[in-house]
Amino acid sequence: MLPLISFWPVQLALVAVFCYAITLFIRKIVLVALQQLRTQRSLVTRINNVLPQTQCGQCGHPGCLPYARAISSGEASNKCPPGGKETLFELARLLNEPIRELDPAHGTFKAFSVAVIREEECIGCTKCIQACPVDAILGGPKRMHTVIESECTGCDLCVEPCPVDCIDMVAPTAVPEHAILDSRSVSVQKSGART
Amino acid sequence: MSVYRQLATRLLGHDSLFVRRTFGGIHPPAFKQHSLRSRIMDTPIPAQLHIPLNTTQRESLSMLVAIGERVRKYQKLAEVSLGDDHGTSLPVHAPTSGVMRALALAPVADHESSEQLCLTLEADGRDEAIALRPEANAAIERLSGAEIQVRIRDAGILGMGGAGFPTAVKIESGNGFGVELLIINCAECEPYISADEALIRERAEHVVAGAELLRRACSARRLVIAIEDSKNDAIAALRQALESETVLETRCELIVIPAKYPAGSERQLIECLTGVEVPSAEYPTGSGILVQNCGTAHASYEAVVLGRPCISRITTLCGEALLTPKNFEVLLGSSIDFLFGLCGLKQADLSRSVLGGSLMGRELASTESVVCKTTNCLIAAGRGELPAAPAEQACIRCGFCADVCPARLLPQQLLAHCKTGDSIELIEHGLLDCIECGACDYICPSHIPLVSAFKDSKLSIDERQRDRQRSKYWQNRFQFRQYRIKKDKEQSLASRAEARKSSLEPIEQAASEAAADGAGGFSKEQASREIAAAVARVKARRGASSSDKDESK
Amino acid sequence: MTNTLSIIIAAALVNNVLLIQFLGVSSLFYGTRRLGSAVEFALFNFLVLFFCSLANSILYRYLLVPLHLEFLRLLTFVAVSALFATWLLRQLERRLPLSARQQGLLIFLSGGNSAVLGTTLLSISASQSIVDSTAYSFGAALGYSLLIVGFAALRSRIQSADIPKPFQGSAIALVTAGLVAISLLGFAGLT
Amino acid sequence: MIRSATGAPFQHSGNNISSLMLSVAFALLPGIFVSTWFFGFGILINIAVALVFALVAEALVLLLRRKDIAPQLSDGSALLSALLFAIAVPPGSPWWLLAIGIVFAIVVAKHLYGGLGQNPFNPAMCGYAMLLLAYPLEMTGWHVPSEAILGPLAVDGLGVPSAEPAREILNPLSLGAFKQSLLLAFPFAASNPSELGEFIDGLALATPLIEFKMAGQSALLAARESGNSLFARDSETAWELVNIAYLLGGLYLLFKRIISWHIPVAIIATVLGLSALFYSPGGAAVYGTPYLHLFGSATMIGAFFIATDPVSAATTRSGKIYYGIIIGVAIYSIRVWGSYLDSIAFAVLFGNFCAPLLDHYCRPRIFGHPTRTTTNREPAEP
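Protein chains in written order, with our numbering: chain R, 14 to 208; chain Z, -18 to 534; chain P, 4 to 194; chain E, 9 to 390.
Calculated from the structure, these hints are not laboratory results.
Hints are supplied without guarantee of correctness; some may be wrong.
Below are the DMTMM-like pairs computed for lysine to aspartate or glutamate, each with C-alpha atoms no more than 20 Å apart in a straight line [stated by the list, open to error]: (1) Z:400 x P:165; (2) R:140 x R:169; (3) Z:436 x R:99; (4) Z:467 x R:148; (5) Z:453 x R:169.
Assemble the whole structure, with the sequences as input and the hints as a guide.
As structure tokens, then:
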């Protein structure tokens, strides 16, 4: 076999390949770093987006945003019962922690339910209206109150203040309008292969 | 995706339609020859028809006939609203004459839903029709696109390929984008289905004419008919029709694509012909392309030229449990039992009945289901014909699935993430781009039900995204409340200051305080007294009612 | 040039800090399973390892040896490494809060890592010139980072595996590390 | 996951794991046949021993884990691992060596990770590499059935025979050779210890690569030219034929589309390229000719059978190419610059180590996405 390539070019070629590989590696690192830099600032927002926004305060914070702030500065992320397993999973993933069980001190997983006022018993005290974090209860002083089902987060906060215990948590009857996706994400692709 | 748009325009501006090799795909045995042996047959009129209304909710229905009323063939029975986002409705017509008997949920052979509201029509066998008004050729040539669209809508035509999207809506969705190219999809790549092939073989001229009408309806510049190279007779028929067709004002092209499953999938077909990949989560109209099934084209021809509404469709009946598999022109609402009976069903041999092809079909729970506008094929599988899959084995990561996936996904990786339930990884690996064609399942040596797993994961991702959307809404409400409370406080402070300064009427002052303070308007003591009284009242009432209950028990 | 290259390869593969020298193995097991943050962790460690051992060997060669203060080398190395790692940590916390939160306590591993000291000591004992020790530091840091990333990928791969109960968690990670070490042993003698 | 009653698709290609595995085993047959033809029955005895221990080990593990034994034993994966392992281990190895290796392979490398499909490393190569590290002496030379003609043989420390031929190689297919191989594999079966001692000291014939590494290529050439009776059956030719037989088997697999071309082609091209790059006739003999690198040792079986083990290899197309390149580079550098004689096992294990990383970073561009990385369709963040 002929000497295909003499000594120096071989070395040069190897060095070139090596340098190329290193360059690629560094480029990748820089890209990752830049991407990270872009996402770094919004840590609280990112955590807040994962939280269920029921504003129920079961985590011990007045609302989801304060809890997101607390998590970002080091608090445990397993104190959110209404978020369910998905929130636990996604928070753990976002924060790069092992997936933990829900902290039982802050409640247990429950199916999503909405508040309903037994209207004949309501005395119109407006205490629940003040407690509701999302203004989902309608009514005036001394008038009967009612919960707008589609707005209710199921946070439970109105049950406690009611002096006559006329609020029940029940399973929602219909999927609220605003929760219906614009049907792009999943169903667009689904019918693709047919015809 | 303006890049794609530009690319599409540039490509389509030139004579750039040629067949490209698409990624992946499988070549399963097609089993189409049995049902293609005979011509398309008309069915006798069954004694009873359950006409599917394409909805499950009575609210979306506006009936035009009453129960007990006698109707004639082609008579419009009801208008089905398609929801606010479509802004239009779908009419349903009587397939034959008879008496309306009932309106109830019934099993339907549809790909998406297993049950729909159906109108029961007791046929009188006389088949009296209201007179159709066929248009003269000259009149048809004068029709504008919008007029054609209206006629297609009035005929109640849905996508006949199986996806069941209302044709008029589909055409209209392209209007905003400016459709460059209309593709008539005659690929019919899935095994067992031969309805389109049979249709083309016998009525190629109508298909071509219908295609041209569709092109005019969506004002596309080019019209292409795409067909698989395995369908020789159909290709010949189309060629002949294209040569003889005189209505066409533009050249309609016939492009023969290599037979492969899923070559007939909308996105794959577009890529094969134009090289344009329809961007993920967008409709092809965004790239200036519209795809219609050839059955739809035929129905459009009947609707516009003959004035005949959509009351029947070509359906393939096949499978080893049938003595004489063939294609029928089936009246909508005929039950599958009735159709199988026409083909000589060997009841003892029937192992399962499947709607659609063998790869994307759905097993029908009962053979009492009725034919709807999307029922393209009904398989009466014999013993051992479409066997249940053997026990699932471990994935050996052979990568066969990745080689056949038309969306270039990695099913083996997706499966691992499905097992851990990592929805973020699943989305990053493109689960939402899965078209559920079943090629991966077909090829998998471990018999893993990949598509089922993907469907489940898609559903849970969908649910999660819905939750996210809901959370977003709540978040906004919460923020608005914070803002409102802050503003109320400011306002009340301001109004108090105002009140102190100016001498207002005491009543007005009270009113303004009430408005500002929510619970205000009367003194705290009085309020608490009233609340206590009310509590006592309620307790008394509740005590009474509970004792009532006790008594009643 | 060839010499430098062979030093780098030898330091990265043949005498891999983690699995052949067994320095700082803990970071493999406490390390993250997610590839994205493993890359961050590896990058951070790369910086710490490379710059610490580089700074240390410069200090040693140009300060301690001329002043005949070799007996102070351990003290100096520890001080320099700790200072540098702490400084880097601060920077990380200030500039990249998400990464800092994601890595959590993990990054403290890199500051007090025996690999830092070990790499420094090996690089000054194994090399003749400052170029050599730079190459050695670079190679060692590269080998360390590559292994962290590769191992994270491996662990995420076996995450969905049906591992027998007694072997789940650290046990299977140790077995895996052993098999990776076997594969690296094959490169023995590569110079 | 249970296939729901209505789940499509209902049609299947008829592929199954056991037929895949059996096809691979079938493709190994020509290589095994040629090896037996040239090197005697040692390899068949290896296969028999390894197979028995592999199946027993697998059955035991499945029993311990309370799983169904029959379906998993019959999937043929243990059979294939045992075959590859037995081919790799030198013929004439004692039974316990094989047993230790294959049990390690099946139990540690495969079943600790949960069995078929979940092991990140190639079991056969794990077992082989473990033996290579733990029993270096037993794993270096290939025993060839021989007969003393001039008294005891002088062997230098590395198992390379000294210049004087002291023994004559038996016809490997003769009954005597079979008896010798059997006794080497099962030393306890020997009727008297002296008989056994004679074989143990017997002739060890190394693969050409080992010889060129130990003695330098010029020595190999010189020995051949001098018509030395040691090379009566020219070992280099034998290895060529063995490799060609495995190449044929590999081509069969390619033809049947059981393996894809990416990995073998990448490995062979890399080894060929590197060996062509470094080889110069006048230069250092240590580099060896490209021909020697491709056909002189286990390159073909490595490229077509071992590296393509789907479970532990990279699975994406571009990932497979990179995987092949990594293995090729590792093969060449371990052979030429490393201190181990056999490079395939370590190279494949190193490739296995890189495979998950490659799978993650070498994903194909998904249909309809402008770039390779899929954008997460989460709502945009403020």
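Now the hints, each set against the structure:
Taking the CA atoms of residue 400 (chain Z) and residue 165 (chain P), the gap is about 11 Å. The hint holds against a cut of 20 Å. Straight-line distance between C-alpha atoms of residue 140 (chain R) and residue 169 (chain R) comes to about 13 Å, which keeps the hinted pair within the 20 Å bound. Between residue 436 (chain Z) and residue 99 (chain R) the alpha-carbon distance is near 18 Å, which keeps this suggested pair within the 20 Å criterion. Of the supplied pair hints, the one linking residue 467 (chain Z) and residue 148 (chain R) holds, its CA atoms being roughly 14 Å apart against a limit of 20 Å.
For the suggested pair residue 453 (chain Z) and residue 169 (chain R), the alpha carbons sit about 19 Å apart, so the restraint of at most 20 Å is met.
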